[in-house]
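Student: Place chains B and C on chain A using the hints.
Each chain is listed here by its residues.
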Amino acid sequence: MSVREESSAITAAGKPVSRFGARNWAGIVVVLVLAALPLFLANFTIFQLTMMLIYAIAILGLNLLTGINGQFSLGHGAFYAIGAYTAAILMEDAGLAYGWTLPAAGIVCFLSGFLFGLPALRLEGIYLALATFGLAVAMPQFLKLSVIEPWTGGVQGIVITKPDAPFGLPLSQDQWLYYFTLVVGLLLYWFAVNLVSSRSGRALMAIRDNPLAARAMGVNNALYKSLAFGVSAAFTGIAGALGAIVVQFVAPDSFTFFLSVALFVGLVVGGVGWLPGALVGGAFVVFVPNVAEHFNKALAGAVYGVILILLIYLMPTGAGGLVRKVADFIGRRMKSRPDR
Amino acid sequence: MTRTNSRLAILGVLAAATALTVVAASADETTGITDKTIKIGNIMPYSGPASAYSQIAKTDAAYMKMLNDNGGVCGRQIEFISYDDGYSPPKTVEQARKLVESDQVALIFNSLGTGTNTAIQKYMNAKKTPQLFVATGASKFGDPEHFPWTMGWQPDYVSEGKIYARYLLKNMPDAKIAVLYQNDDYGKDYLAGLKAGLGDKASMIVAEQPYETSDPTVDSQMVNLKGSGADVFFNVATPKFAAQAIKKAAELGWKPAQLLNSVSNSVGAVLKPAGFEASKGVISALYLKDSQDPQWKDDEGMKKWNAFMDKYYPDGDKNSSFTVYGYSVSQTLEKVLEGACDDFTHSGIMKSAANMKNVDLDLTPPGIQVNTSATDFYPLQDMQLIKFDGERWQPFGEVVSGADTQ
Amino acid sequence: MEILIQQIVSGVATGAIYACMALAIVMIYQAIHHLNFAQGEMAMFSTFVAWQLLAWGVPYWLAFVLTVALSFAGGIVIERLVFRRLENAPVLSHVVVFIALFAIFNSLAGFIWNFEIKPFPSPFGSGALFGGLMSPHQAGMIVVTLLVLALLYVFFRFTRIGLAMRAAAANPESARLVGIRVGWMTALGWGMASAIGAVAGMMIAPVVFLEPNMMVSILLYGFAGAVLGGLTSPVGAVIGGLAVGIIENLAGTYIPVVGPELKLPVALFVIVAVLVVRPSGLLGRKIVQRV
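Residue numbers (the numbering used here), protein chains in the order written: chain A, 1 to 340; chain B, 341 to 746; chain C, 747 to 1037.
Calculated from the structure, these hints are not laboratory results.
Since the model is a prediction, treat every value here as computed from it, not as a measurement.
You may find that some hints are simply not true.
Said to hold, decoys possible - Not close to chain B: a few residues of chain A, all C-beta gaps over 10 Å, as computed:
id, residue
1, 94
2, 107
3, 306
4, 307
5, 325
To be verified - Taking lysine-lysine pairs in the DSBU-like style, the calculated list, with each CA pair at most 30 Å apart, reads:
id, chain 1, residue 1, chain 2, residue 2
6, B, 467, A, 162
7, B, 516, B, 727
8, B, 379, A, 297
Beta carbons: idealized from backbone N, C-alpha and C, even for Gly.
So here's chain A without its partners, still in its complex pose:
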């Protein structure tokens, strides 16, 4: 289970960008569109878009682990759950303001991920997949454990109060949470991009591409792999905390292994190793089930499956692969023109 073959283009992100190219313009356009959207949309749609951003953050975290470091996880829903519960418990029991729950969730999940990553070091490919999948399946059972019920609320979960916009900003709760999520998401994205292009990022990619060679060059594989797990879990945990605040409710039923599967599908559809793909993945997670349901309610699952297979046919390496192909194609056309 190697992700090597699709990752070659990503190393390009590590190279210093010499000029303000098409990629940057595209990024700015995307951010502008995202920032402008709530001005024109109903609260309900804004809520959906917020969920899309949240899943995108979670997938971004997963991408750091799988796309950059080459480790496989089918269990990131578990870290999403830990983040969500951390936020919910801190808000409702400790009375912490919602903004502060994000770093708390990040730290808790970083530690959980790091600790989980330690034994996972010995596991590779399918074995790691099984271990993480097991974590995802077991998580709801941990969450409703009667011993910790005073904090988690058991199967009843925790209902959270939705925050209003601060400083008297005349934004609806949904608009405010959307912008809040967007800013958090951009900060995390910026962090991720810088991480990838840093020395540590190159070490992570070296481990992915060739663990033996990386070790020979003096990279501490064990440490970096565990760290990758921790950072990735922290991203997903922050997404979970945001999810809890926006949905206003956490319960074991919210975090079944289907969530992990959804995040994984989002990762692949967006493009493994292509960080902006997380946004495409998030959109897929939120909107495609609705599209499938629209076709036929009784066969929603089948329609979803068919859409997924068609997408993989169309772009076997996800949206990232497609974008690269299109960019290559345009690039070649541009170059062949004499006036350039």
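Tutor: Below, chains B and C without anything else, positioned relative to chain A:
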């Protein structure tokens, strides 16, 4: 770094621009209601692990179609919109908001699940949009003081647990009870009801074994329950596991008195797969007629149900208790809407729902009626104890009310 | 002590379910060096086909053979139709297609046969063995599992085609060079895995009842069993499956307070612990990867 800063700056400008836009108004009293139509929303797991329940919503939809063919209610045609939440609370929130804000329904009817309904309860009440007849027996959905827009329908699990407790105290005061329960709110509510009903004699319970819905079988739990030496077995499991448990008890040669929770007392879906011989003597309680029970063969209500199923839901499973359930809950809604004709608004409908007096449904057995008041948000609370004679359920004793157990 | 023995016997009976599924998992792993997440749903779908044949009045063993044959063909069709076109797609994309197939089969089965549980007949009769700890069906299932195991063992070890299949999976390039039609070997592997899955489904359904979601959790237990035993070893898969059944029962019975609530997580924890010590499972061969 600078690049990101500039992006953030642009973002700030846009955020400020938003400040000038008007915040959408909240739903008013007649959202979803016109002179000709009423929009009713529903949320159901059509996909995922709980998809078996989707038959309920399909029955609901068929019932609404029948109502429309007969002229609708209060001269209005019903537009029934049902969405899939896959039994996942975050998705339920999304779908509820879609129904209320985008489709602009007048009410959400019969949405299924405890966690899922809990997730939207606060929202529905803030929007002052009725969340009527939620499809769960969790006792928390009858709290008019805090949630005046939310109402349950079926007898709640805690009350039913108390009914069994009282039966045991009266008939088997020296019983040693073993409980198999699903490890979630549903199982725990029953267990809590049993314990509360037994009061200071709760020590009669000698063994409790939880199971997870992800367990392939409950064999291991059954071995332990048998090993506890109990002579009463309280089976709080959903149909598949209830059938497994009854079958396994027979295979183990364990012959306790068996109590079966009403969620799983369908002859076709539980007792038949478990084996009629093994199911003999099982005691349960019901509040709706069993469609497979020959004693209702010539019953007027059952005939109406059969005609309905044949015409409006021919693909539906007549063996399933879900179709009986869907028909009955939809009929309750019909009666509530009819009672609100003069004041066809959200609060009018809610008032009508909280003012049902001795209402009979086609499929409630004699003596069981729908009753609500401004302080009683539990429409059905009466149950009839029944015993399986190897072929069908035989009622015994009086109709028991869960109301006086609260 | 009595309870201990009873739990172990009952664990073996439940473990046989996992072992059955684990064999199908090992089969597909031999063919594509990957786990198929749709395997459980394919087995469930096959079992529904058998149920339908039985409902139409086909005698049990004829229905059994027909179902196995249809599933074999179905497996090959899926490989040719879906995965052939994705030959060059990355492995993770394959996993996503498995998930898509999972959704499709689950949804289709519910659409065609609805979600109500259905009793599925057993060819081994009903009643009780060993004081009810095992039904004749569960005993019969263990025999069938061992039979399938023996067949697989012989197939992979002694037949040309079995060896060719192993070669094709282990090293497609070299296998192609020695004249093995790698593509067809993969398709054959899909067919066989799907056929074994059908057998597993028909053996499991009488115990847990037939419904579209019946395999969702069993597949995980099957994975656990197969991985514990070693994905390359059919014998290991069976031992692993039985071990998971026993560990789970003992954890549920003897770990105080949290045991009954955490049966599955405890079993998974044990498996991960074993894997940390023996990364290729109890009986698996270590696959050395060239760098």
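Student: Let me make sure I understand: some of the numbered hints might not hold for this structure. Which ones are they, in numerical order?
Tutor: none
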